[in-house]
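**Q** For reference, the chains in residue letters:
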Amino acid sequence: MAPYLGDSFGNPSGIHAVSRVAKAALEEARERAAVLLGADHPLDVVFTGGGTESDNLGVAGPSLASGGGVVTTTVEHQAVLETAAFLRRLGQSVAVIEVDSAGLVDPLQVASAVGSETAVVSVMTANNETGVRQPVRQIAVAAKEAYPEVLIHTDAVQAFVSEEATLASLGADLVTLSAHKFGGPKGVGLLHVRRGVPLEPVLHGGGQEIGRRSGTHNVAGIVGMVSAMEAAVKDRDRFRADVGAARDGFEARLATAEPDVIFTTPGAARLIQHSHFRIPGIDAETLLIRLDGLGVAAAAGSACHSGAIEISHVLMAMGLEEEAARSSVRFSFGWTSRPGDGELAAAAVVECVEAIR
Amino acid sequence: MKALVAMSGGVDSSVAAALMLEAGHDVIGVTVKQWQGPDGSLPVTGCCTVSDAEDARSVADRLGVPYYVLDHVEEFTRQVVDRFGAEYLAGRTPNPCIECNRRVRFGILFERMESLGCDVLVTGHHARVVGESGDRKLLRAKDRSKDQSYVLHMLDQSRLDRIRFPIGGMTKDDVRDRASGLGLRTATKPDSQDLCFVAGDYRDFIRERFTEADRPGMVVDVDGAVLGEHSGTTGFTIGQRKGLGVAVGEPLFVISIEPEAGTVVVGPRTALLTDGCSLEEMSWIAGRAPDDPAVAIQLRYRSEAVSARLVRTAEGWDAWFDDPQEAVAPGQAGVVYRGDEVLGGGTIVAALQGAPA
Chain F
1 MAPYLGDSFG
11 NPSGIHAVSR
21 VAKAALEEAR
31 ERAAVLLGAD
41 HPLDVVFTGG
51 GTESDNLGVA
61 GPSLASGGGV
71 VTTTVEHQAV
81 LETAAFLRRL
91 GQSVAVIEVD
101 SAGLVDPLQV
111 ASAVGSETAV
121 VSVMTANNET
131 GVRQPVRQIA
141 VAAKEAYPEV
151 LIHTDAVQAF
161 VSEEATLASL
171 GADLVTLSAH
181 KFGGPKGVGL
191 LHVRRGVPLE
201 PVLHGGGQEI
211 GRRSGTHNVA
221 GIVGMVSAME
231 AAVKDRDRFR
241 ADVGAARDGF
251 EARLATAEPD
261 VIFTTPGAAR
271 LIQHSHFRIP
281 GIDAETLLIR
291 LDGLGVAAAA
301 GSACHSGAIE
311 ISHVLMAMGL
321 EEEAARSSVR
331 FSFGWTSRPG
341 DGELAAAAVV
351 ECVEAIR
Chain H
358 MKALVAMSGG
368 VDSSVAAALM
378 LEAGHDVIGV
388 TVKQWQGPDG
398 SLPVTGCCTV
408 SDAEDARSVA
418 DRLGVPYYVL
428 DHVEEFTRQV
438 VDRFGAEYLA
448 GRTPNPCIEC
458 NRRVRFGILF
468 ERMESLGCDV
478 LVTGHHARVV
488 GESGDRKLLR
498 AKDRSKDQSY
508 VLHMLDQSRL
518 DRIRFPIGGM
528 TKDDVRDRAS
538 GLGLRTATKP
548 DSQDLCFVAG
558 DYRDFIRERF
568 TEADRPGMVV
578 DVDGAVLGEH
588 SGTTGFTIGQ
598 RKGLGVAVGE
608 PLFVISIEPE
618 AGTVVVGPRT
628 ALLTDGCSLE
638 EMSWIAGRAP
648 DDPAVAIQLR
658 YRSEAVSARL
668 VRTAEGWDAW
678 FDDPQEAVAP
688 GQAGVVYRGD
698 EVLGGGTIVA
708 ALQGAPA
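Going line by line, the protein sequences match chains F and H. Heads up: the first sequence is residues 1 to 357, going by my numbering. Heads up: the second sequence is residues 358 to 714, going by my numbering.
To be clear, the hints were calculated from the coordinates, so they are not data collected in a lab. These numbers come from a predicted model, not from an experiment. Among the hints, erroneous ones may be present.
[To be verified] Footprint (simulated), chain H over chain F, 3 or more residues, beta carbon under 8 angstroms: (1) 284 to 293; (2) 308 to 318.
[Said to hold, decoys possible] So the derived label-pair ranges between C-beta atoms look like this: (3) H:Arg659 to F:Asp260: 43 to 53 angstroms; (4) H:Lys359 to F:Arg137: 25 to 35 angstroms; (5) H:Asp383 to F:Ala269: 34 to 44 angstroms; (6) F:Ala355 to H:Ala443: 56 to 66 angstroms; (7) H:Ala443 to F:Arg137: 19 to 29 angstroms; (8) F:Gln78 to H:Ala604: 49 to 59 angstroms; (9) H:Thr434 to F:Phe263: 27 to 37 angstroms; (10) F:Gly38 to H:Pro547: 28 to 38 angstroms; (11) H:Gly474 to F:Leu43: 28 to 38 angstroms; (12) H:Pro547 to F:Gly196: 53 to 63 angstroms; (13) H:Ser415 to F:Gln78: 21 to 31 angstroms; (14) F:Thr256 to H:Gly644: 39 to 49 angstroms; (15) H:Ser588 to F:Leu294: 41 to 51 angstroms; (16) H:Lys359 to F:Gln78: 28 to 38 angstroms.
[Said to hold, decoys possible] Listed below are several chain H residues computed to face chain F (Cβ distance under 8 angstroms; list not exhaustive): (17) Lys390; (18) Ala410; (19) Pro423; (20) Tyr425; (21) Arg469; (22) Ser472; (23) Leu473; (24) Gly474.
Cβ coordinates follow ideal geometry from the N, Cα and C atoms, glycine included.
Given only the sequences and the hints, what does the whole structure look like? Please build it.
**A** Shown next, in the form of structure tokens:
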């Protein structure tokens, strides 16, 4: 990344030599990303300002291009849900399908909401809070059976680091990725768009990204993202082994030390880096502040603008009572986690829970 | 010692946090999100706004202490705002800051301080606590013009043991000097004036939120003769002179409000005078009533305490004033002092005429 913040500072849209260096770096990054994603053509990769923007473009883009509606689920990221709400205000039909107690959506239920008025179905690859994986491939098959022209968008932001998440592997037409979830810089992402999928831009201006995303390119960020992508894909097997061991060790230790612990989605297929649970009677906010004091960073719900924890719409959609939702916390393990880290984290949780009691 | 500092984003609590840190304590800063706009965001005007939380965060960051926003909107709404409306509905003149201190700051937040493993709860109130455990005394602030002991009268020995008011011995100018010396961005921030959950006129707030509280009716004189009509009782407060909408030869004041009938009783200034008041929900800082019934009682937040004699009654206490007092408003607190010391206090439930039985 560094050269593109220093000597090679050019705007890739310019005409002179400095710009050409930046343009070359940008397009080389696009080619490398296309290889990793199995894209038909490098230009199928649209660089954006992150996951939220990719979701906006991936949902609103097809809807605005064809004038069709959206089918999505109650557990999607706000970037998808708010985009759907925006499209509804513009007069599009929007169906938000409910999930079961594990947060899973039924492909047939999605398909039954799809019709000729539907432009795009958006179902996340894996949930950002619980890590639960949706049956995106089955959803795509069922939806296209209902209406062959429907497009499938999936937010794979959370999944990509540990799961293959491409158009081919998911049966999707649009895939959202965000760099910082696989070790890249914040504020940069991409939307992988299947060839020929019509997209109305959501950012209007100078027509970069062949008109699909205007705005000066974040060259350093894009180069950094693609390098991180390559590293993450190469590291996936190791990641799955080490991080999976850390997460499993965490849960095993926690279940032994705190028999009351309730894991949020027992039995559901989920990403190997997520653990989501509650200990009845232990307020999540208090637990997180105490853990922070021990140097353990965990999360609950989603942080609102003020920084206060808000009740998770995902947990509410799964039918949890408010008090259960207020006790639920999320641990995510990442590429720096080593197998033994899980036990250490569990010991910290146990220490805090005992102090609170 | 581990201190939980309630940081509002104002200069007083900023300096309170700094002083605890200087004294060598471990400090955790928190802002209680207690009110929100219709979309769930922090309000943009009044107190407790997004920018207040950002100010508090900036100060915590500058001091290098952890900082969190705690969401107690639901409890604040139920325990403070709704109660405020119900009091108005009953024709009383409530003081929501007292209920907030009783139920939120030194209720819920005090419990949170304990569950977070902290030793003391620290606020930026202008008041002083002196004496040893079991014999703590609550005193007026050094800066009498900023004294807030009136709204703290409900504290008891167990609370005072674990509460600190570090700036109670400083003048406001001292506080601002310390803040600018420390480079805190809140140093020159103006004092908050209004009810934190009301942006604008509290009467409009009552009318909008508690529509049934605002009853139209008659304006009558002390003998019951109708002088005119008014559009809603919310527009009146005991002792009010302006805006009565009726004119006779002499200046008229609101003497009382009868909410069920929607009647506003007005009369000459002399009719405002009362000889005493009845108090309920009395609490005593020492845990018991003073032996000597000759005390001073403060009847409003910003007024001088007046000499009075306490008499125990079946329901609570009566305070008989040495000299008749104007505009005693049921719903306000009657706070009992001896010199600078707060002995206790309760809620005024009725004005009294005559002399003790």
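**Q** Each hint should be assessed against the structure and marked as holding or not.
**A** Going through the hints against the structure:
Figure legend: the region 284 to 293 of chain F, annotated as covered by chain H; annotation consistent (6 residues with Cβ-Cβ distances under 8 angstroms, at least 3 required). Counting residues of the region 308 to 318 of chain F whose CB lies closer than 8 angstroms to any CB of chain H gives 3, which reaches the minimum of 3, so the coverage claim holds. Hint check: H:Arg659 to F:Asp260, Cβ distance near 51 angstroms, so the stated range 43 to 53 angstroms holds. A C-beta distance of roughly 52 angstroms is found between H:Lys359 and F:Arg137, which places it outside the suggested range of 25 to 35 angstroms.
At roughly 43 angstroms, the beta carbons of H:Asp383 and F:Ala269 sit within the given window of 34 to 44 angstroms. About 38 angstroms separates the C-beta atoms of F:Ala355 and H:Ala443, a value inconsistent with the hinted range of 56 to 66 angstroms. At about 56 angstroms, the CB distance of H:Ala443 to F:Arg137 disagrees with the hint of 19 to 29 angstroms. The hinted window of 49 to 59 angstroms between F:Gln78 and H:Ala604 holds, with their beta carbons roughly 58 angstroms apart.
For H:Thr434 and F:Phe263, the hinted distance range of 27 to 37 angstroms is satisfied, since their beta carbons lie about 33 angstroms from each other. Restraint check, F:Gly38 to H:Pro547: a C-beta distance of roughly 60 angstroms breaks the suggested window 28 to 38 angstroms. Against the hinted window of 28 to 38 angstroms, the Cβ-Cβ separation of H:Gly474 and F:Leu43 comes to about 56 angstroms, which falls outside the hint. In this structure the supplied range 53 to 63 angstroms holds for H:Pro547 paired with F:Gly196, their Cβ-Cβ distance being about 60 angstroms.
Taking 21 to 31 angstroms as the suggested C-beta distance range, the pair H:Ser415 and F:Gln78 conforms, at roughly 26 angstroms. Between F:Thr256 and H:Gly644 the beta carbons are some 46 angstroms apart, a value that agrees with the proposed interval 39 to 49 angstroms. For the hinted restraint 41 to 51 angstroms between H:Ser588 and F:Leu294, the CB-CB distance of approximately 59 angstroms leaves it violated. Between H:Lys359 and F:Gln78 the C-beta distance comes to about 35 angstroms, which sits within the given range of 28 to 38 angstroms.
A distance limit of 8 angstroms between C-beta atoms decides the matter here; for H:Lys390 the minimum to chain F is near 4 angstroms, and the interface restraint holds. A cut of 8 angstroms between beta carbons decides the hint on H:Ala410: the least distance to chain F is about 5 angstroms, and the hint holds. Using the Cβ-Cβ criterion of 8 angstroms, the hint placing H:Pro423 at the interface with chain F is satisfied: the shortest such distance is roughly 6 angstroms. The beta carbon of H:Tyr425 is positioned within 8 angstroms of a beta carbon in chain F (closest approach about 6 angstroms), and the interface hint is therefore held.
Against a cut-off of 8 angstroms between C-beta atoms, the interface hint on H:Arg469 holds, since the closest Cβ of chain F lies about 7 angstroms away. Using the Cβ-Cβ criterion of 8 angstroms, the hint placing H:Ser472 at the interface with chain F is satisfied: the shortest such distance is roughly 5 angstroms. With 8 angstroms as the threshold, the beta carbon of H:Leu473 comes within range of chain F, its nearest partner Cβ sitting at about 6 angstroms, so the hint holds. Checking H:Gly474 against chain F: minimum C-beta separation of about 5 angstroms stays under 8 angstroms; hint holds.
Checked against the numbered hints above, the structure violates hints 4, 6, 7, 10, 11 and 15; every other hint is satisfied.
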